[in-house]
Amino acid sequence: MKFIKKTSHKSGLPPGTLVHVGTKKTEKVKITVIDYDEGNFEEKELKNIKECFPYKDKSTVTWINLDGVHQVDIIEKVGKHFNLHPLVLEDIVNTGQRPKIEDFDDYLFVVLKMLYRNENEQETQAEQVSLIVGPHYVITFQEKVGDVFNFVRERIRNGKGRIRKMGPDYLAYALIDSIVDNYFTILEKLGEEIEEMEKELVGDPKPQILQSVNRLKAELLFLRKIIWPLREVISGLQRGESSLIKETTGIYLRDVYDHTIQIIDTIETFRDLASGMFDTYLSSVSNKMNEVMKVLTIIATIFIPLTFVAGIYGMNFNPDASLFNMPELNWKYGYVMSIGVMAFVALVMVFYFKRKKWL
Amino acid sequence: MKFIKKTSHKSGLPPGTLVHVGTKKTEKVKITVIDYDEGNFEEKELKNIKECFPYKDKSTVTWINLDGVHQVDIIEKVGKHFNLHPLVLEDIVNTGQRPKIEDFDDYLFVVLKMLYRNENEQETQAEQVSLIVGPHYVITFQEKVGDVFNFVRERIRNGKGRIRKMGPDYLAYALIDSIVDNYFTILEKLGEEIEEMEKELVGDPKPQILQSVNRLKAELLFLRKIIWPLREVISGLQRGESSLIKETTGIYLRDVYDHTIQIIDTIETFRDLASGMFDTYLSSVSNKMNEVMKVLTIIATIFIPLTFVAGIYGMNFNPDASLFNMPELNWKYGYVMSIGVMAFVALVMVFYFKRKKWL
Amino acid sequence: MKFIKKTSHKSGLPPGTLVHVGTKKTEKVKITVIDYDEGNFEEKELKNIKECFPYKDKSTVTWINLDGVHQVDIIEKVGKHFNLHPLVLEDIVNTGQRPKIEDFDDYLFVVLKMLYRNENEQETQAEQVSLIVGPHYVITFQEKVGDVFNFVRERIRNGKGRIRKMGPDYLAYALIDSIVDNYFTILEKLGEEIEEMEKELVGDPKPQILQSVNRLKAELLFLRKIIWPLREVISGLQRGESSLIKETTGIYLRDVYDHTIQIIDTIETFRDLASGMFDTYLSSVSNKMNEVMKVLTIIATIFIPLTFVAGIYGMNFNPDASLFNMPELNWKYGYVMSIGVMAFVALVMVFYFKRKKWL
Amino acid sequence: MKFIKKTSHKSGLPPGTLVHVGTKKTEKVKITVIDYDEGNFEEKELKNIKECFPYKDKSTVTWINLDGVHQVDIIEKVGKHFNLHPLVLEDIVNTGQRPKIEDFDDYLFVVLKMLYRNENEQETQAEQVSLIVGPHYVITFQEKVGDVFNFVRERIRNGKGRIRKMGPDYLAYALIDSIVDNYFTILEKLGEEIEEMEKELVGDPKPQILQSVNRLKAELLFLRKIIWPLREVISGLQRGESSLIKETTGIYLRDVYDHTIQIIDTIETFRDLASGMFDTYLSSVSNKMNEVMKVLTIIATIFIPLTFVAGIYGMNFNPDASLFNMPELNWKYGYVMSIGVMAFVALVMVFYFKRKKWL
Amino acid sequence: MKFIKKTSHKSGLPPGTLVHVGTKKTEKVKITVIDYDEGNFEEKELKNIKECFPYKDKSTVTWINLDGVHQVDIIEKVGKHFNLHPLVLEDIVNTGQRPKIEDFDDYLFVVLKMLYRNENEQETQAEQVSLIVGPHYVITFQEKVGDVFNFVRERIRNGKGRIRKMGPDYLAYALIDSIVDNYFTILEKLGEEIEEMEKELVGDPKPQILQSVNRLKAELLFLRKIIWPLREVISGLQRGESSLIKETTGIYLRDVYDHTIQIIDTIETFRDLASGMFDTYLSSVSNKMNEVMKVLTIIATIFIPLTFVAGIYGMNFNPDASLFNMPELNWKYGYVMSIGVMAFVALVMVFYFKRKKWL
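As they're listed, the protein sequences go chains R, L, X, A and E.
All residue numbers for the first sequence refer to our numbering, where the first residue is 40 and numbers rise by one.
All residue numbers for the second sequence refer to our numbering, where the first residue is 40 and numbers rise by one.
All residue numbers for the third sequence refer to our numbering, where the first residue is 40 and numbers rise by one.
All residue numbers for the fourth sequence refer to our numbering, where the first residue is 40 and numbers rise by one.
All residue numbers for the fifth sequence refer to our numbering, where the first residue is 40 and numbers rise by one.
These are calculated hints, taken from the structure and not from any lab test.
All figures in this text were calculated on a predicted structure; none of them were measured in a lab.
Any given hint could be a false lead.
Identical copies carry no separate label here, and so any pair may be met within one copy or between two of them.
[Said to hold, decoys possible] Simulated crosslink set (DSS-like; lysine-lysine; CA at most 30 angstroms straight-line):
no.	residue 1	residue 2
1	199	63
2	199	116
3	69	327
4	139	95
5	396	256
6	67	97
7	396	245
8	119	199
Construct the complete structure from the given sequences, taking the supplied hints into account.
Structure, rendered in structure tokens:
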């Protein structure tokens with residue numbers, strides 16, 4: 040059940056208590072820091088979370104990335120040093136959040152979902168990514184190692200594009216853009232699946248296809264739940280109410296917003312297609328049943344009267360006892376005539392079915 | 040019918056008349072008081088409602104809890120002392136309210152529903168909880184003893200978290216948070232049921248499963264009716280229009296608001312899944328019927344013509360009367376030939392069914 | 040067709056022309072006046088409408104009630120004396136109005152629907168009630184004698200509650216409250232019907248139940264059409280834009296507003312339940328058909344092959360003509376063997392059906 | 040296809056080019072003028088459009104009516120003299136407009152649809168009516184002679200009602216009111232059809248009824264498309280933003296607005312009823328099929344085993360060849376016994392069907 | 040899959056990187072310039088993009104049209120010279136955009152979809168058209184040669200209409216109007232298809248029609264996705280927030296807006312009709328099955344009992360062994376009587392079916 044996270048072991052604790060909710064997806068928390076401005080670049084993996092504290096007030100842009108949120112003490116230390124609200128920390132470690140944005144004046148807190156597609160099980164999986172956007176830094180919290188940010192890292196390292204000339208708000212935009220771009224890839228794969236399903240439905244639909252359609256529907260429901268709130272998140276960022284987001288970055292966020300709308304559009308279209316497939320399947324089952332019934336009806340309707348005629352002349356009334364008892368049996372052309380009657384009945388039936396367009 | 044409370048015995052009374060609407064769920068009203076500030080803590084059960092009156096103007100935070108709302112005289116005395124509007128008292132004793140919030144300048148009136156899950160009957164039940172949030176006190180009215188507030192009590196007793204340092208608005212938040220957290224537990228259980236149902240549907244669906252699906256749908260309808268208005272309630276609290284809610288508490292309420300949205304999301308998803316299950320069941324019934332029809336058609340279509348052939352040679356036309364009358368009966372290989380014809384017809388049929396993919 | 044009133048005989052008349060649209064439900068218009076303030080109370084039935092004119096400017100609260108709107112001359116006289124707009128009078132006599140509120144500065148015009156439940160025909164019927172709320176008076180127009188206002192009259196007579204101390208706005212509230220309270224009674228009865236239907240559906244659903252479900256759906260559609268606009272009406276009253284509604288009455292109207300929302304909620308829930316019942320019925324029909332088909336298939340599939348075997352040995356090939364012709368007929372255990380073959384075939388079939396879980 | 044007008048021969052022309060789109064419904068454009076104020080009244084048919092030009096600035100109210108919009112040169116002349124925007128003229132001659140209102144400061148442009156019901160083909164047809172409301176005049180453009188305005192003309196002629204005392208805004212109101220009143224007549228007729236259909240459905244539904252239901256649905260879709268935008272049109276008129284609409288007329292327009300809402304309500308209700316009828320029909324088909332299947336199953340299930348027993352004793356095993364071969368044939372009560380066995384089997388079957396409630 | 044464009048090869052690139060997304064529909068980019076004012080007109084095809092640069096600041100209206108967006112270097116040069124934002128360029132070459140409008144103070148960026156109908160494959164195809172509307176120029180980017188703008192070109196060449204007297208905003212309007220007008224043509228064709236399908240459905244529906252209905256539904260989904268956002272685009276243009284759009288042009292845009300609403304209306308109507316056709320088809324399949332079942336039941340139910348009677352008298356009980364053994368066989372009228380019994384049974388059946396209205 041990926042629609043709800045088990046949180047029962049958590050209820051009753053005071054708000055702000057850090058309890059990791061979710062599957063522990065990695066062993067040890069991996070901490071990396073990328074620090075840059077137009078001229079300088081530094082990248083390193085930290086052994087201890089404290090090493091990243093000095094970057095807080097450095098005027099360069101610092102990106103602190105934590106892979107793994109199950110070690111709550113580390114999260115707590117980060118929270119303390121960067122003055123994060125306890126509820127923010129709670130949300131970071133509770134991986135059952137909806138995407139959202141919260142503005143705490145001196146930093147922005149953004150929750151997003153990064154999607155992976157498990158090719159074997161044909162299932163989409165989500166990983167929660169939390170961003171803290173401060174005046175000089177961006178902190179990202181992921182559930183495990185591995186993400187869709189490599190292109191961003193590459194661009195920072197090589198100084199490609201304008202990222203090195205921009206502030207942490209642009210970095211945040213680049214990260215969000217990576218996540219949203221990745222949704223397109225997921226949707227493309229779903230689109231291919233839908234195409235294949237439609238081909239199968241037109242050809243020879245098996246009952247199993249219904250399970251695939253249902254799985255697809257559940258998948259789309261899952262995506263929808265993740266991506267709908269994204270719209271509000273990005274429009275919240277873009278509206279420029281926070282002084283942390285510069286106006287020049289706003290135009291870029293408007294671009295991401297357009298992408299989100301496109302994705303939502305596509306999901307709704309896919310949902311329409313999926314429920315169309317269900318209808319098609321149902322009607323194809325009806326058609327098949329109809330065909331089966333026709334074959335049965337044609338065979339039965341032709342042969343039942345014939346068998347009856349044969350049954351008549353199989354009766355044992357004694358022709359010797361009376362002249363009225365089955366005199367046909369002794370006629371010269373009795374048999375030929377009976378066969379003729381049967382053939383006639385059969386022909387009438389066939390003609391009737393032809394007219395009904397059953398044959 | 041848990042969708043509507045019997046109120047007919049009430050209509051016609053002047054507004055503000057206190058008549059208990061609902062099931063009497065407890066014998067005697069139980070009154071408890073918890074009074075605390077950062078340094079002090081006092082908890083006691085009261086024999087007489089009047090003992091709680093002095094707490095009204097005490098500067099410490101006082102939580103007065105009444106278990107049972109069927110003794111209207113007690114409610115009336117509370118109302119008089121705490122200056123509650125007659126309509127507020129009427130709403131407290133009428134347990135058929137929707138969740139709502141009303142702002143009476145010197146106090147807030149909040150109605151919520153606490154959910155219980157009766158494991159035996161697999162049914163969710165609701166209990167109405169009314170909160171009066173005043174400048175120094177919170178009064179809660181419940182229908183019966185037993186609630187989801189024990190964790191809050193514990194935190195007050197132990198001084199865990201920040202609750203002892205905060206005012207009655209934070210206490211109100213903590214109580215509402217407990218109620219909303221409990222909804223997650225209910226939804227988790229429903230989620231497990233849905234998972235089991237889906238497994239059953241894929242395996243061997245019985246007609247009874249439809250009843251379970253319908254029960255589930257009614258359950259979700261019931262939850263929806265309770266939880267949708269909650270959204271407005273909490274956003275009403277959070278918007279900070281009342282001077283009784285401090286700004287620091289607003290952030291916590293925003294957290295509860297997020298939870299409510301998550302719950303509504305999940306309910307809508309569950310509703311989608313439930314109606315998907317209904318469709319799946321219907322199509323599985325269609326499939327089964329199709330299969331049954333195929334077996335019938337195959338057997339009937341193979342044997343009906345064969346039986347006809349046998350019937351032909353069971354006719355009693357007299358071979359002695361004419362050479363045209365069933366000469367086959369006297370042929371040397373007549374019987375063998377007739378069996379051969381039958382076998383051939385049967386083979387043609389089987390081949391036809393193979394091609395149709397019915398076999 | 041209770042969804043639309045015949046108005047065709049009216050079209051083409053200039054606006055403001057009084058033509059009674061609706062069924063004439065009473066013979067003569069009955070006029071009663073109740074006049075009161077905190078100390079005084081007067082109640083009388085009037086012979087002539089003119090007797091009520093002096094109450095217009097009396098400072099006491101006057102409630103003029105007219106049962107019957109088909110005598111347009113009386114309505115016209117009232118309109119003239121109380122300065123009502125011609126369109127208001129037109130709306131009063133045309134009983135096909137939606138609930139609405141119109142603010143004419145010196146009076147408010149409110150149209151409502153009072154519901155009756157005709158127990159025999161299991162049908163809900165509506166009567167239009169129009170209210171004119173002026174500075175010192177309330178005028179109500181009903182279609183016929185008999186209403187849900189007796190409790191209000193009783194309270195005025197006995198001075199129970201606060202009604203005698205309040206103005207005409209509170210009287211209007213009390214009347215509207217009575218009408219809305221009555222809706223709960225109607226909904227309770229519908230709720231009971233729904234419960235009974237659901238029991239019947241689970242037990243032994245007959246095709247007739249579909250008609251009941253359809254009737255219920257039409258009923259809910261009818262209620263919905265009447266009650267949805269009510270929401271706006273009452274929120275319009277409550278919003279306090281008119282100086283005729285005092286602020287203290289506003290709180291009471293908020294209460295009625297809450298009731299209206301509860302009623303709308305319940306109607307929507309009932310509609311959901313009703314369409315669920317339809318689905319359940321359909322699927323139960325499918326299930327039954329499936330069961331019928333199974334019985335047919337089992338019987339036919341077992342006996343058709345057996346009958347074929349019997350048919351074989353009923354053929355009249357001449358054993359004397361050739362050794363190949365049905366030698367089994369002369370075998371010692373031929374008959375026993377043939378019976379054995381049949382029994383074996385039957386057993387195989389039964390086993391097959393067991394495995395298919397059809398038996 | 041009345042849902043879309045052929046406009047293809049028009050695309051590519053510059054905006055404001057007058058091309059008549061629609062069916063030419065009348066031969067020659069008929070022009071009539073009614074000019075009036077409280078004391079004077081003049082009505083005449085014009086030969087040449089130019090004769091109406093002097094009325095433009097006359098202080099009396101002038102109603103110029105043109106029946107026929109296919110002669111674009113006439114429309115053009117009117118447009119030139121009355122200073123109408125080219126796009127307004129284009130909309131007048133293109134009869135595929137949605138109802139709309141446009142405010143050009145010195146005149147209002149209103150497009151409406153007048154409905155006719157072709158009783159023979161049971162189809163509703165729409166005619167476009169365009170109104171120009173100026174300071175002293177109203178110009179109406181209709182597609183053909185014949186309209187619903189005769190009552191208005193009569194009232195102007197006779198000076199009945201207040202129309203002669205009011206300005207062109209009231210005349211426009213009266214015309215719009217006539218059109219909207221006419222919708223009620225159309226809906227009443229549809230309502231009667233629906234009632235008849237429902238009776239037929241409950242009685243003996245034939246497949247043809249589905250076509251009627253579909254036709255009804257298309258009809259309602261068509262009405263909906265025409266009447267929904269009307270709401271905005273009239274609320275736009277009523278809102279009093281244009282100085283051409285006096286406040287006193289506003290109250291009358293509010294009345295028309297109420298009617299529009301009533302009509303929309305009724306259309307939605309009818310749509311609900313129509314889709315309910317479809318469901319009822321489907322389930323009645325299912326029920327019938329079920330009944331057919333039951334009859335087949337009962338007959339087949341009773342007789343197939345009996346026929347098998349008869350088949351057994353029709354076998355020709357030679358009793359002379361062995362004592363084991365069908366000794367029953369020679370028993371004294373063999374025949375009676377076999378008949379008894381058959382009767383017993385039949386009774387068991389009947390009993391079984393009784394228990395299943397199939398009989 | 041035309042619902043989503045492959046963009047996977049693009050993800051990871053920095054924003055503003057120009058990568059052509061879409062099918063390369065033309066070989067070489069074709070650049071044409073039309074420059075005009077009231078008195079002058081110049082039209083030429085450019086070899087090099089640089090030739091169009093001088094037009095930027097010329098006070099005449101210049102329309103630069105590029106057919107083909109796959110040569111990103113050309114787009115880049117245009118972007119540089121006309122100061123377009125990198126994201127605008129990115130959107131121009133990525134043909135998977137939704138229609139949208141963006142206001143960059145000194146120019147407007149509009150994305151639209153031009154529709155083509157491939158008559159052979161009965162499929163609608165979309166081509167992305169991007170407009171840059173500047174103070175003296177309009178730049179249009181198309182995917183390939185061939186468009187719906189020829190009428191506009193003609194009007195500019197001939198000075199027909201008011202286009203030569205107006206600014207670039209009017210040119211932009213004329214282009215958008217051409218695109219929207221073209222939608223009507225597409226919808227007319229779809230309307231004709233729908234009419235034909237409906238005729239086919241009423242006549243002799245084949246299973247293949249379902250595929251046509253599904254194709255139609257997908258088509259409408261596709262159109263809807265393209266045209267819904269158009270509404271916002273044009274209302275955005277019309278609202279007059281940009282100084283680049285003059286007020287006089289606003290009226291024309293309001294006209295286009297009306298057209299867009301009409302188109303959306305028609306699409307929704309078509310969608311309703313399409314899902315109605317699906318229902319009609321399903322119920323026609325049910326009806327057919329019902330008819331098939333009736334024929335089977337009638338034939339089987341009449342002949343099965345007859346065959347049973349014939350079977351009885353085909354039994355070989357020995358009349359010589361006992362007087363009780365089938366004495367009928369030796370009766371004088373035994374055969375006649377048996378035939379009579381059969382005829383009677385058949386008549387009863389026929390009568391029963393007549394009463395059931397199956398015959």
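Violating hint indices (sorted, rising): 3
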